[in-house]
Amino acid sequence: MSTTTMPPTKAPKTEPKSAPKGALSDRARSERRLGWMLAGPAFAIMLLVTAYPIVQAFYESLFDYRLTDPDNRSFTWFSNYAVILTDSIWWQALGVTVGITVVTVAVELVLGFALAMVMHKAITSVRPVVRTAILIPYAIITVVSAFAWWYGFNLTSGFVNTWLGLGDYDWFGDTLPALAIICLSEIWKTTPFISLLLLAGLAQVPEVLQEAAKVDGATWLQRLWKVTIPNMKAAIMVALLFRALDAFRIFDNIFIMTRGNNNTESVSFLAYRQTISRLEIGLGSALSVLVFLCVVLIAVVFIKGFKVDLASARGEK
Amino acid sequence: MMGAMSTRERVLWYLGALAIVLYALFPVAWIISLSFKSQGDLTDRNFLPRNPSWGNYETIFSGSARDLFLPALRNSLGICLIATFVSVVLAMFAAYAIARLDFPGKRLILSTALVVAIFPAISIVTPLFNLWRGIGLYDTWPGLIIPYLSLTLPISIWTLAAFFREIPWEMEQAAQVDGATSWQAFRKVIVPLAAPGVFTTAIISFFIAWNDFIYGISLTSTEASRPVPAALAFFTGASQFEEPTGAITAAAVVVTIPVVVLVLLFQRRIVAGLTNGAVKG
Numbered sequence: 148m149s150t151t152t153m154p155p156t157k158a159p160k161t162e163p164k165s166a167p168k169g170a171l172s173d174r175a176r177s178e179r180r181l182g183w184m185l186a187g188p189a190f191a192i193m194l195l196v197t198a199y200p201i202v203q204a205f206y207e208s209l210f211d212y213r214l215t216d217p218d219n220r221s222f223t224w225f226s227n228y229a230v231i232l233t234d235s236i237w238w239q240a241l242g243v244t245v246g247i248t249v250v251t252v253a254v255e256l257v258l259g260f261a262l263a264m265v266m267h268k269a270i271t272s273v274r275p276v277v278r279t280a281i282l283i284p285y286a287i288i289t290v291v292s293a294f295a296w297w298y299g300f301n302l303t304s305g306f307v308n309t310w311l312g313l314g315d316y317d318w319f320g321d322t323l324p325a326l327a328i329i330c331l332s333e334i335w336k337t338t339p340f341i342s343l344l345l346l347a348g349l350a351q352v353p354e355v356l357q358e359a360a361k362v363d364g365a366t367w368l369q370r371l372w373k374v375t376i377p378n379m380k381a382a383i384m385v386a387l388l389f390r391a392l393d394a395f396r397i398f399d400n401i402f403i404m405t406r407g408n409n410n411t412e413s414v415s416f417l418a419y420r421q422t423i424s425r426l427e428i429g430l431g432s433a434l435s436v437l438v439f440l441c442v443v444l445i446a447v448v449f450i451k452g453f454k455v456d457l458a459s460a461r462g463e464k
Numbered sequence: 003m004m005g006a007m008s009t010r011e012r013v014l015w016y017l018g019a020l021a022i023v024l025y026a027l028f029p030v031a032w033i034i035s036l037s038f039k040s041q042g043d044l045t046d047r048n049f050l051p052r053n054p055s056w057g058n059y060e061t062i063f064s065g066s067a068r069d070l071f072l073p074a075l076r077n078s079l080g081i082c083l084i085a086t087f088v089s090v091v092l093a094m095f096a097a098y099a100i101a102r103l104d105f106p107g108k109r110l111i112l113s114t115a116l117v118v119a120i121f122p123a124i125s126i127v128t129p130l131f132n133l134w135r136g137i138g139l140y141d142t143w144p145g146l147i148i149p150y151l152s153l154t155l156p157i158s159i160w161t162l163a164a165f166f167r168e169i170p171w172e173m174e175q176a177a178q179v180d181g182a183t184s185w186q187a188f189r190k191v192i193v194p195l196a197a198p199g200v201f202t203t204a205i206i207s208f209f210i211a212w213n214d215f216i217y218g219i220s221l222t223s224t225e226a227s228r229p230v231p232a233a234l235a236f237f238t239g240a241s242q243f244e245e246p247t248g249a250i251t252a253a254a255v256v257v258t259i260p261v262v263v264l265v266l267l268f269q270r271r272i273v274a275g276l277t278n279g280a281v282k283g
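Line by line, the protein sequences are chains A and B.
First residue of the first sequence? That's 148 in the working numbering, and the numbers climb one at a time after it.
First residue of the second sequence? That's 3 in the working numbering, and the numbers climb one at a time after it.
A hint or two may mislead.
As the list claims (entries may be wrong) - Which residues of chain B face chain A? A few of them, derived with a C-beta cut under 10 Å, are:
#1 E11
#2 Y59
#3 V200
#4 L264
Calculated from the structure, these hints are not laboratory results.
On a predicted model such as this, the values are computed, not experimentally measured, just so you know.
Every residue gets a Cβ at the ideal spot worked out from N, C-alpha and C, and that includes glycine.
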């Protein structure tokens, strides 16, 4: 924003360097102390609610342990992982999850970009209406969205078959159509978020570049590819990363619509089913660790592979 | 902004806007329509109710689904408000330190917030399920509030840090020149300036907690703490031959209205909050 009027972090940062070595001024020292006093509790709680559980999960994943049979708890090294990785159920769930992630993120990127363009260019009389409208799916509970789509397509109450004249076609009777509805619900609910991120990116594309390209006779498409998109690459990448990680964790829509039937299980749902429904703590923990590792892998690929600079995208530095 | 605009262009904009509004509202309209259908119409597979009635709302507020819905509504409100409050207060202090003070470990805190935000909930659910049973937090409010912090705290920290960076800090320095301590400068000068950002952060945090399903369904077992999204999955019809569709959709509408109202009232701020924290050049 108004970076010219306030150099927020830069000014104090140079301060300790200019001071003689080892002689932090009282002011700098008390600032450090205050900094950790203020940020410490939030930091500690974040660690407590994530680092501790994942370590615990890893520990429990090394045991053959079923809650209904606590006496037969035994340490089995990595055999739970071996069981999972050699079972087609895991690979099926992973395939479904990756499929959902790729499809929803791709559709959302295109749709979200179109929405962002509309909001960016829209005449002032429609802009607030559009912005309010797209925030509504964002604010709707995922479970409610899942119910809306499920009731719309299912055989007892669905209006879709009536409208399309499909009679008793069962959308949830087969893997692909069921997954398509799950993706629709996911896309409907989360496209607004991605479009807002892209809109913020669009706003950063310098208008002069657009004008210059226009003067040089570039078509609308050329300007989109050569000017707009390269200049908002950071925003696109951040939006993609966050949506991909979010989509990979898909659970609510699947739970409500199919409960994982007809091979529509995602990895999160599989882990839930093992732990909460079957009380297989060992296997469930191993699955949790694997889901976590997948998420880490996606994040690393994005950050290293596509060079997403989250720090600069987050306004740090 | 574009000067003279042809009527054709104007009409196109209105049509485009109409399409987007339809896109956003259609599923919502459908679930509202379902909630007003009488029991006999619920399976007629038409979009609109033939004989609109309040019957389903009676079911959830005074009828058979009452004991399932009302406690869930109370749990959701209580748990989400407490989780939001705790995380916004903690994030406020942290974001102030990040935006304003110079201390080692600042980047560590921001990176931690990032990692926590992308953490898969299911990886927290499994160990907590076992742990909570052991220490008596299973099916209690704190048993949900604690994991909810993993959802609300990171986004609160970013959003607030972004808001706090835009505050004119000269005013704080001026207060310090006038003899105020860092703490006084924070309380007397910055808090009033930061209030809108804090409020927006609270709304976004609340949305996220309100939306949770995976913790709600895994770490609770009774009305003692089960929140609304999880309770919706447990609704049953008045008899085993009756679908709970009416009760579920009515309950869904009831929990959707407050968030839609919040969106309508504070849309400009919510957009700023969502995008400030995420993309800023």
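Against the structure, the hints:
Taken as an interface hint, E11 of chain B checks out: its beta carbon lies about 8 Å from the nearest beta carbon of chain A, inside 10 Å. With a cut of 10 Å, the hint placing Y59 of chain B at the interface with chain A is violated, because the nearest CB-to-CB distance is about 16 Å. Using the Cβ-Cβ criterion of 10 Å, the hint placing V200 of chain B at the interface with chain A is not satisfied: the shortest such distance is roughly 14 Å. For L264 of chain B, the suggested interface contact is upheld, since its CB lies about 7 Å from the closest CB of chain A, less than 10 Å.
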